[in-house]
Amino acid sequence: MASSSAPPATVPASTAAPGQGFGFASKTKKKHFVQQKVKVFRAADPLVGVFLWGVAHSINELSQVPPPVMLLPDDFKASSKIKVNNHLFHRENLPSHFKFKEYCPQVFRNLRDRFGIDDQDYLVSLTRSPPSESEGSDGRFLISYDRTLVIKEVSSEDIADMHSNLSNYHQYIVKCHGNTLLPQFLGMYRVSVDNEDSYMLVMRNMFSHRLPVHRKYDLKGSLVSREASDKEKVKELPTLKDMDFLNKNQKVYIGEEEKKIFLEKLKRDVEFLVQLKIMDYSLLLGIHDIIRGSEPEEEGPVREVESEGDGNPSVEE
74 MASSSAPPAT VPASTAAPGQ GFGFASKTKK KHFVQQKVKV FRAADPLVGV FLWGVAHSIN
134 ELSQVPPPVM LLPDDFKASS KIKVNNHLFH RENLPSHFKF KEYCPQVFRN LRDRFGIDDQ
194 DYLVSLTRSP PSESEGSDGR FLISYDRTLV IKEVSSEDIA DMHSNLSNYH QYIVKCHGNT
254 LLPQFLGMYR VSVDNEDSYM LVMRNMFSHR LPVHRKYDLK GSLVSREASD KEKVKELPTL
314 KDMDFLNKNQ KVYIGEEEKK IFLEKLKRDV EFLVQLKIMD YSLLLGIHDI IRGSEPEEEG
374 PVREVESEGD GNPSVEE
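Counting from 1 along the sequence shown, just add 73 to a position and that's the residue number in my numbering.
Hints are not guaranteed to be accurate.
Unchecked claim - Label-pair distances were calculated between CB atoms; the ranges are:
1) L310 / E269: 25 to 35 Å
2) S240 / I363: 39 to 49 Å
3) N158 / V325: 34 to 44 Å
4) C249 / D353: 17 to 27 Å
5) G212 / V247: 25 to 35 Å
6) R187 / K333: 20 to 30 Å
7) K150 / L319: 38 to 48 Å
8) R187 / G294: 26 to 36 Å
9) P285 / L336: 19 to 29 Å
10) R187 / D231: 14 to 24 Å
These are computed hints drawn from the structure, not numbers from a lab.
For every residue, glycine included, the Cβ atom is placed at its ideal position computed from N, Cα and C.
Assemble the whole structure, with the sequences as input and the hints as a guide.
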């Protein structure tokens, strides 16, 4: 897809189906009014409402254009923007004015495909019901209603870093056929409400969406300042660190063959991060306790190991 500051010319604005009474402002300031074809997303937070609307608009537009045979350098610089004036303004639905931008839409479309995620499933996971808030170490952290996707609010600097590394990341995913412990990045967006920009990064939730995680570790392989604070430890699901792992005499058994596969994958991923000169990374490990799954107050043996990617390598078994 060529770089654009507005929806592609080959796609009529009416295909976006933003709702009756919306006006689209392009560079020529010409406005188009369309009838509602999809629901107007309701969310307590206008930012979330616009994000849901924007994802639906984006996936709808992409569905009108066949995927390119191969990605070109311009695809890694491309973006799709839309400015909306909601003339039949109802505060409980969407703000009266907002903007939505998707970065590198064809690249992330290709990544979703390589990670085995259909665009319509992606859309349903994000928009069927509003995402819920989840605890995050920094910034806002949302999880989709079906717990398959996570949405992290990031800084403009994070977006710039993603842009600079996206081509290398995509090449690596192609090379390893998506078989990686690295975060699976699925979409990158900017939402503008009340003249304030917010940046959203969508990733696959590498924790199981069926089994709850009872213990969580952020492991760096270092013991210096690597113990969770008292404030962190009182949380319902604290993020523990290397010293906590050792102090609990924690062991995870996954079998010799799985261990070999895991270590090979981890080594390959770390070598890739070293090539990018990225130094701040860790392994995020989640443990589901089969006894606590049915008896929350009791401790028991570990059977299943899951983990998620949040800017860190991760493992899913």
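Hints and how they fare:
Restraint check, L310 to E269: a C-beta distance of roughly 31 Å satisfies the suggested window 25 to 35 Å. At roughly 42 Å, the beta-carbon separation of S240 and I363 lies within the given 39 to 49 Å, and the hint holds. At about 54 Å, the CB distance of N158 to V325 disagrees with the hint of 34 to 44 Å. Take C249 and D353: their Cβ atoms lie about 22 Å apart, and the range 17 to 27 Å holds.
Taken as a hint, the range 25 to 35 Å holds for the pair G212 and V247, whose Cβ atoms sit roughly 29 Å apart. With their beta carbons about 24 Å apart, R187 and K333 fall inside the hinted range of 20 to 30 Å. Taking the beta carbon of each, K150 and L319 are about 46 Å apart, inside 38 to 48 Å as hinted. Separated by about 29 Å at the C-beta atoms, R187 and G294 satisfy the suggested range of 26 to 36 Å.
The supplied range of 19 to 29 Å is met by P285 and L336, whose beta-carbon atoms lie about 27 Å from each other. Between R187 and D231 the CB atoms are about 22 Å apart, so this pair conforms to the stated range of 14 to 24 Å.
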